[in-house]
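Peer 1: Assemble the whole structure, with the sequences as input and the hints as a guide.
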Amino acid sequence: MRGSLLLIADQGLGLADRILRGLPMTMDGSPGRSVAWIVILLVTCGGTYGAVMGCFPLTWESIRPLQMLYSGLKVPMLLLLTFALSVPSFYVANMLLGVGGDFFLVIRAVLATQAALTIALVALAPLTMFLYISGVSYEQALLVNSAMFGTASLSVQPLLRRQYRFLIDKNRWHVWLMHAWLVIYAFVGIQMGWVLRPFIGSPSTPTQFFRDEAWGNAYLVVWELIVGFV
Amino acid sequence: MLAWWKPLDKLLRGDLGVEVKQSSQEIAFPVGHVIVLTIVLAFIFGASIGSFTAVSAKDTSQGWQQLLASTVKAPLLFYLTLLVTFPSLYVFNALMGSNLDIRAAFRLLVAAIAVIVAILASLGPIIAFFAFSTPSGLGGYRFILILVVFTTALSGCLGLQYLLRMLNRHANAEQPTSVPIDNRPSQEGSPEIVMAESTENRTIHSAISWRSNSSVWSPAQAIFRVWVLVFAIVGAQMSWVLRPFIGSPDREFTWFRERTGNFFQAVAQVILDVFAGS
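If you read the sequences in order, they're chains A and B. Every number in this note's numbering is 37 more than the matching position in the first sequence, counting from 1. Every number in this note's numbering is 178 more than the matching position in the second sequence, counting from 1.
I should point out that these hints are in silico values taken from the structure, not numbers from a laboratory. Just so you know, even glycine gets a beta-carbon here, dropped at the ideal spot from N, CA and C. Treat the hints with care, since some could be wrong.
Computed, partial: chain A to chain B, Cβ under 10 Å [claimed, not checked]:
| # | residue |
| --- | --- |
| 1 | P125 |
| 2 | S126 |
| 3 | F127 |
| 4 | Y128 |
| 5 | V129 |
| 6 | A130 |
| 7 | M132 |
| 8 | G135 |
| 9 | G138 |
| 10 | Q228 |
| 11 | V232 |
| 12 | Y256 |
| 13 | L257 |
| 14 | W260 |
| 15 | E261 |
| 16 | V264 |
Per label pair, the in silico range of CB-to-CB distance [to be verified]:
| # | chain 1 | residue 1 | chain 2 | residue 2 | range |
| --- | --- | --- | --- | --- | --- |
| 17 | A | R58 | B | I217 | 42 to 52 Å |
| 18 | B | A446 | A | W213 | 24 to 34 Å |
| 19 | A | Q48 | B | L254 | 47 to 57 Å |
Peer 2: Here it is as structure tokens:
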């Protein structure tokens with residue numbers, strides 16, 4: 038039992054290392070398997086960081102297992118649902134530009150980048166917990182997590198480029214498509230993040246999966262803030 | 179299992195199924211099949227727009243009526259536009275001495291519409307997601323409206339660019355003086371790919387290219403470009419005539435609205451309203 042767990046942990050760490058370095062994932066040579074592993078890694082690491090997000094304010098009395106579970110579910114949901122909504126239009130764009138044949142590689146590249154994002158988040162998790170322990174307020178905790186997501190997103194950009202280099206060498210349209218992907222993904226992802234609130238959950242309110250007033254449009258809120266400010 | 183999708187897949191890749199018949203070339207993809215697929219995809223797009231009203235209307239039955247209306251009207255938008263503009267295209271093309279016969283011209287346009295609708299349907303999940311999560315007030319209505327107009331304009335531009343590209347390819351293929359495809363330097367640059375292609379006797383170009391194949395337009399090609407503009411304007415106005423696609427939250431459901439105004443005026447008004455904050 039203990040041996041097999043160690044084996045899984047070892048394999049997982051090996052895979053994570055290969056993803057971070059942008060190496061080909063030759064677990065057993067099967068490309069389909071490697072995508073499955075990427076998704077498993079994404080769900081595990083995303084879930085881990087989500088649970089860490091949800092453990093605010095990290096004192097013995099205030100631990101909320103339900104909030105940790107919800108947050109742990111929400112981070113992989115955020116990434117995978119955004120991915121699922123963005124894929125159809127990205128597929129058609131790839132087809133139209135004549136690079137539809139590479140689509141499997143493209144999907145693996147963007148999924149691997151998202152998995153790397155979650156690995157980066159897990160690496161930042163101790164820092165988040167440390168800041169929680171230092172006694173940040175709820176608003177500051179929101180800011181801390183935004184910063185962590187921002188840092189992780191920026192840090193995986195070179196990886197996406199590295200993953201795409203081989204594709205770009207084949208066809209220059211991939212440069213354009215890679216940027217198009219980032220635009221679509223960010224556009225949908227921002228709204229998805231808004232809809233899936235709360236990720237941390239204010240300790241003063243009861244724990245719930247969705248807030249009653251949660252839905253709404255992130256861009257409209259920002260627009261109204263700007264209009265109100267002007 | 180995915181065989182039903184195959185013809186559209188080929189069209190998106192820019193393969194019109196050109197067949198050589200007695201020194202002339204014919205575009206020979208299964209038109210009926212593609213039209214049916216296009217209608218289904220247009221339904222998906224229409225439903226994703228109409229879903230905003232379905233979830234936000236105060237009166238639920240009216241919301242569902244709007245959803246149904248948007249779904250049914252979406253394919254009409256594209257094929258009515260084709261009906262209005264196709265005769266003039268054909269006549270002017272023939273007058274200008276184009277080598278496109280009426281069947282080829284029709285098939286080319288069906289292909290372009292299929293591409294436009296495929297792009298729109300692929301954006302359907304994103305539009306539906308925003309429709310479900312956006313609040314039903316006037317601000318939300320305007321957001322969805324601008325999102326839909328933007329995505330439709332984008333798809334229209336891509337689809338019409340596809341049309342011109344296919345037209346060029348077709349025209350060049352019929353000119354015996356044009357450079358044989360296999361001798362051209364490959365843009366992909368990989369020797370393996372070039373060899374694989376030359377054995378198949380065709381290159382895999384993207385459906386939309388960096389640059390146009392021909393630098394000089396024949397009169398027929400020039401007319402075609404003018405016509406593309408006409409198609410775009412008629413299409414935009416057709417969406418106005420067939421409105422509402424997205425039911426305004428403060429209005430009763432109707433299948434059609436009164437016949438006043440035009441598309442461009444209305445879009446300009448919405449954008450002005452957004453900036454005025456009214």
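Peer 1: Next item in the hint list is P125(A). Is there a CB on chain B closer than 10 Å to its CB?
Peer 2: 4 Å, holds
Peer 1: Given a hinted range of 47 to 57 Å, is it respected by the beta-carbon distance of Q48(A) and L254(B)?
Peer 2: This hint holds: roughly 55 Å between Cβ atoms.
Peer 1: Does G135(A) meet its interface restraint, that is, does its C-beta lie within less than 10 Å of any C-beta in chain B?
Peer 2: Hint holds; G135(A) Cβ to chain B Cβ min 3 Å, cut 10 Å.
Peer 1: Can you verify the interface hint for Y128(A): is its Cβ closer than 10 Å to any Cβ in chain B?
Peer 2: Since chain B brings a Cβ to about 7 Å from Y128(A), closer than 10 Å, the hint holds.
Peer 1: Would you settle whether the hint for M132(A) is holds or violated, based on the nearest Cβ-Cβ distance to chain B being less than 10 Å?
Peer 2: 4 Å, holds
Peer 1: Tell me if G138(A) is really an interface residue toward chain B, meaning its C-beta lies closer than 10 Å to one of theirs.
Peer 2: 8 Å, holds
Peer 1: Given L257(A) was flagged as interface, is its beta-carbon under 10 Å from a beta-carbon of chain B?
Peer 2: 5 Å, holds
Peer 1: Verify the interface restraint on W260(A): the C-beta must sit less than 10 Å from at least one C-beta of chain B.
Peer 2: 8 Å, holds
Peer 1: For the hint on V232(A), does the least C-beta distance to chain B fall short of 10 Å?
Peer 2: It holds, given that the least Cβ distance between V232(A) and chain B is near 5 Å, below 10 Å.
Peer 1: Okay, R58(A) versus I217(B) on CB: inside 42 to 52 Å?
Peer 2: Between R58(A) and I217(B), where Cβ atoms are some 48 Å apart, the hint holds.
Peer 1: Regarding the hint that S126(A) lies at the interface with chain B, is the smallest CB-CB distance below 10 Å?
Peer 2: It holds, given that the least Cβ distance between S126(A) and chain B is near 4 Å, below 10 Å.
Peer 1: Would the hint on E261(A) be counted as holding, given a Cβ-Cβ threshold of 10 Å to chain B?
Peer 2: 7 Å, holds
The structure shown violates none of the earlier numbered hints.
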